[in-house]
Each structure stands twice: as C-alpha cells, then as structure tokens.
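Participant: Take a look at the letters that make up each chain.
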Amino acid sequence: MDYQVNKKGFYGEFGGAYIPEAMYPNIEELQSRYLDIMQSESFKKEFNELLRDYVGRPSPLYYARRLSERYGAKIYLKREDLNHTGSHKINNTIGQILIARQLGKTRIIAETGAGQHGVATATVCALMGIKCVVYMGALDVARQAPNVLRMKMLGAEVIPVESGNKTLKDATNGAMRDWINNPVDTHYIVGSVIGPHPYPDLVARLQSVISEEIRWQLKSHEGREEPDYVIACVGGGSNAAGAFYHFLDSPKVRLIGTEAAGLGADTPETAATLATGRPGVLHSCRSMLMQNEDGQITEPYSISAGLDYPGIGPMHANLFKTGRAEYMSITDQDALDAAFRLSLLEGIIPALESAHAFAVLEKRKFNPEDIVVVNVSGRGDKDMQTYIDVMKKGNE
Amino acid sequence: MNRIDQLFRNKKENVLSIYFTAGHPTLNSTVEIIKTLAQEGVDMIEIGIPFSDPVADGPVIQRSSQTALDNGMSLKLLFEQLRYIRKEVSIPLVLMGYLNPVLQYGVDAFCKKCAEIGIDGAILPDLPLDIFQEEYKTSFEQQGIHLIFLATPQTSDVRYRELDCQSGGFLYMVAASSITGAKTGFEEYQQKYFERIKDLNLSLPRVIGFGISTKDTFEHACRYANGAIIGSAFVNALEQEGSLKEKIQNYIRSIRS
Ligand SMILES: Cc1ncc(COP(=O)(O)O)c(C=O)c1O
Chain A
1 MDYQVNKKGF YGEFGGAYIP EAMYPNIEEL QSRYLDIMQS ESFKKEFNEL
51 LRDYVGRPSP LYYARRLSER YGAKIYLKRE DLNHTGSHKI NNTIGQILIA
101 RQLGKTRIIA ETGAGQHGVA TATVCALMGI KCVVYMGALD VARQAPNVLR
151 MKMLGAEVIP VESGNKTLKD ATNGAMRDWI NNPVDTHYIV GSVIGPHPYP
201 DLVARLQSVI SEEIRWQLKS HEGREEPDYV IACVGGGSNA AGAFYHFLDS
251 PKVRLIGTEA AGLGADTPET AATLATGRPG VLHSCRSMLM QNEDGQITEP
301 YSISAGLDYP GIGPMHANLF KTGRAEYMSI TDQDALDAAF RLSLLEGIIP
351 ALESAHAFAV LEKRKFNPED IVVVNVSGRG DKDMQTYIDV MKKGNE
Chain B
1001 MNRIDQLFRN KKENVLSIYF TAGHPTLNST VEIIKTLAQE GVDMIEIGIP
1051 FSDPVADGPV IQRSSQTALD NGMSLKLLFE QLRYIRKEVS IPLVLMGYLN
1101 PVLQYGVDAF CKKCAEIGID GAILPDLPLD IFQEEYKTSF EQQGIHLIFL
1151 ATPQTSDVRY RELDCQSGGF LYMVAASSIT GAKTGFEEYQ QKYFERIKDL
1201 NLSLPRVIGF GISTKDTFEH ACRYANGAII GSAFVNALEQ EGSLKEKIQN
1251 YIRSIRS
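First to last, the protein sequences are chains A and B. Counting in the numbering used here, the first sequence runs from 1 upward without gaps. Counting in the numbering used here, the second sequence runs from 1001 upward without gaps.
It should be emphasised that the hints constitute simulated quantities derived from the structure, not laboratory data. Backbone N, C-alpha and C define an ideal beta-carbon position, used for all residues, glycine too. Hints are supplied without guarantee of correctness; some may be wrong.
As the list claims (entries may be wrong) - Covered stretches of chain A (in silico footprint by chain B; criterion: 3 or more residues with CB under 8 angstroms from a CB of chain B, positions within the stretch not fixed): (1) 21 to 32; (2) 175 to 184; (3) 292 to 302.
As the list claims (entries may be wrong) - Among chain A residues calculated to face chain B with C-beta under 7 angstroms, some are: (4) Tyr18; (5) Val281; (6) Gly347.
Let the sequences and hints guide you as you build the complete structure.
Facilitator: Shown next as structure tokens:
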C-alpha cells in the first residue's frame, strides 16, 4: 500500500486541488516546481543549516522515566517544544520561506489558529526581510493574546477575521481571499497538511524531519529504529504527518493520532473530524469534513485553538480510511488533565494541542517492553491563561 | 436547445445577467426576485446557492450567504422553490455556488434535478477544469446542463483558449484580480486585459463579471464582451429600504435606462 500522494495530488480518494481559477497560476507553479526546488542541493544545504543553527535541531528524543514508570512502558518524548518559537511549525515555515524566495515572491501571508504558525511565519519573514500578513480568527486573537503580540513584535501585520466562529477555518478563508486579491507578489505559507495539492505533500515533507530524527535517535537509545507506537495530536495534521512519515511503510509501528473532541465527540461542541465527519471539499481539498446534510461546514469547538478545525489533512483521511493509523477523540478535560500530569511528572508544560496526545497514555494499556514515542508538538507558554484559569477553579 | 445558447444566438451585445443569493433577503424571496428581474428585461439570472465558506466572495456576498443560511436556505429547499419556475419565466437560469453542497446532494442527482426544473447551467468556482473533465463531465452532458468556467486577468492566453473550448454556453470573464465585490471603475491593468482577451477571438460568448456595479461600468464592460454580470451591487440594493419589487425595478432601470 502506498500512503504517499500520487501524481494527481491524491491520497486514495482524498486530496486534489479544488481551486478557483484565480488561484490556478500560483498553484500550477508550485505544483510544477516544489519538488525540484526542495531536492536541489542549495535548498537542502540552506534548509538543514537553518534547522540546525537557527531552529536548534535535532530536537531531543527524551526518555521520560517517571511517565514510563507510571504507564509501564518505555516512553520517549520527541521535543518539538524546544524548537525556536516553541513548536514544530517552524520546520515548515523555514522550508516554505526558502521556496517563496526561489519563486521570487516578496510578500507572505499565513493563517493561524493557536498563533504558533503565525509566529513561526512572522519569524522567518523577519529573518529574510520579507513582508508578512497573518490572518487569525477574532476569537483566537483573544484567547492566544501572547502570540498576537509576538507576531507584532516580529513585524507582522495581524488581521483579525470576524466571520463564522472566528477561528482557524475563518482565518484560512481570510488568507485564501487575500491570495486571490494578490496573485502576483504573494506566497501563501499554509500552516498544516491541508489546502490544495501540493501543500499537504509539501508540508509533510518539510515536517518529516521529525520522524527522520526519531529513527536514528531511537537507534542510539534502544538499538532499533522503530518504536511500537507513535502518538501525535492532529489539527490539520502536520506534526502527526511529520512524526508518522518515515514509519508509514513499517506496518509494525502503530500510529495513533488524536483529534480534539471538545466537550465530547457525541456532542455538537467538538472538533473530532474523523469521528463525526463525511467526505467533502473545503479549502481546496477533498477530505473528511464536519458538515450538515446540506454540505454546510459545521462550526467546530475545542479548548485548543490549534485543533479547532472542521477538516483534516487528506493524508490522515486516507490513513484513517485504510486503517493504517488509528485516531482517538480526546476531550478538553482529558487534555487538561494530561497537561497537568506531564507538568508534575516530567517538568514539561505542553501546549494544549500536544496535551491531547498525552491523554492517550491514560486510555491505552501497553506492554512493559513497548517503546512509545509521543510527539510534544509545542510548549505551553501560549496557553498559560487557560491553565491559570483551571488552577483558579481548582482552588475555589 | 439550451436557453443560454439560444440567448447568445439571438443577442450578441449588452447581455445583462444578474446574480442574487437564494434565501436572501428573506427565505422565500427567490421566485419573486426571478420573476421581477425577468419582467425588467434582464437577460439571464444566476441564482446563488449559499455556502458557509465562500472563499471567492467579498463581504457583500459573504453576508448575503450567511443571512440565507440563517434563514434556513439549503440546496434541497432551493430546488423546491424553483419547481414551477418555468411556468413563470423563460430566460436562462444558472445556479452558482461552491462544490461541497452539490457533492453532498450528489452530482448526478443535481444535474438531473436541474434538467427536470429547467435550469440551464451551473457555475462552481471551486470545481477546476481537470477534475470536472475526469469525474463529472458526463453527468452534466447527459442532462444538457452547461458547466460554465471562469477565467481571470492572470489566466494565460493558452489557458484562456483551453477554457474557451471546455466551458459550456459562455465564458465567465472575471474582471479583476480579486474576490467578488462592487467597484467604481476599471484600472489600467483591467483595460489591457479586456483588450488582450478581445484580441484572442475566442469561440464562446464572453460575459464580464466581478466589480460591475453601475450603468457606466456595465456599458464599459459590454464594449469588450457580449455582456456583463452584476452581483454584489444588486445584492446590496436588495438590502436597502423599500418593497422588493421597487428595489429591483429601481436598480435594473438605473443600469438599463
Ligand atoms: C503546538 C501545536 N501543536 C499542534 C498543532 C496542530 O497543527 P497540526 O495538526 O498541523 O500539527 C498546532 C497548531 O496550531 C500547534 O500550535
């Protein structure tokens, strides 16, 4: 079974480029050039140097002793939270800014939910001296305030989007409209493995450094390259795509993605796309979508802004459909509990998104010999207000 | 013969096409809007199927779509409302909307229903040419429904010719490098673009849309194409004070006086 994108941009029945004609020249150019650019020696050299010297890669693969004792398995944490800017998102933006430069673009746009992708984009734009505009749902602007200020300090313009639920989906609408209005000078740095082909593949390739490192790091820790489990949270699915990438063709490695269930996948207040969605087309790609009978997109809900999206990358829709990966729904409460546990047991305060991956440890039984890698996609600084509110409530 | 083809066979210039969003301003205004537009001598109507995430649309049509959905509009209900529309009007009717509601309805079922009611064509901006040809072309052709493609100022000559070969009925010439929305005049790059396309001597009729709002912009556009489409400006007019009928009459007469 081939889990990679095919020539036409599809993963099985999912993917494609359902683009308005106005986006055709830009997407066509990207489709025809991204592989050549990414495989060129000059790109590889610059990308790898920046990942090493600027981002701080490789990110550690850390053996979590106290978690391992608690759950009775060998648990390793892939520390994407230690990257410059605090999440895996920078792996993608470093790559895309180099591609944008190669394409001669002088203006960058991005959408952001939690603000991590916005910060990572603003960062590389500052690094390269390129103008940056970030679209962010108005609700997210309020709940991820520190990241808004970081983007501004980095010189980016942040445009709050007032339509819909004022979250990630609406931010993406805003960015796409901007690209239609600015078709010549602008490159759109999509923040996850979503959007029209080639974005899902392009972003997955840039994030695949995560699993590439896990392989050799695990070899030096354990004498083997392949763990028994890889666990990652899934919003659009980029950190999970990166963590799964080099294990897709190793059927013995069990892959678990976690979707945000919000108040519960059986309630309307959820963002668990695979648990509740059907195939459809949104944001120029065919994937699983939360929608009503009429094909209108349902507004999602999650405590975590980065997972609050009614769709999922087409690669994951295909891994789900083929059964290659398993996807679990994790509620707000389970994620919060996991965040506090990780803080107390390992001294690591995770992003709310990443906390959804750790909740799996409570729900799954492992064998003592099992090697489990959990991807810590980001750190919790941006979520301190949410955590503080929870602690206040706990004290009342 | 398809009514769109008939229209352009008989009328080569100043074709006026009007877009509105079904379910806006009120849930049941659809039929009255269509009837009044036809009475006012409009040549073709584009009936918008509202969608929750209209990425190619500006603020006005975003708002009308949201209002329509809040009012309870759906594709199923729209087909109900249009059931007897051919007893009322004979001008070409085109459905315009995003792909997902059509996919959920079923593309085959959608085309059949269009044929049954007497809808002549569809415009689905996020259904690109290659996917249409591979997956859906037969469904449309079997029912005689035209799928109309859009082309923009960034569309190359080569691609323009390809779309000209593949589009049904006419080619929708997007006037601006932008999402939908009324503008007051044309910029220099648009002028050059209109001339470039005129010189291509394409085979299909061309209708210019996006940013047309006044008598002036309508007439200007008609110098470079067979006609023009007005959307946002008309939707905006429907949101003003007055009876629906008066608002429509006043607006159309301001364009056609
Ligand atoms: C820390 C962190 N993890 C995960 C995500 C979800 O994105 P993805 O599923 O693309 O990794 C985000 C998105 O904002 C994030 O900030």
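Participant: Compare the structure with the hints numbered earlier in the document and write down the numbers of the violated ones, lowest to highest.
Facilitator: When the structure is compared with the hints, only number 6 turns out to be violated.
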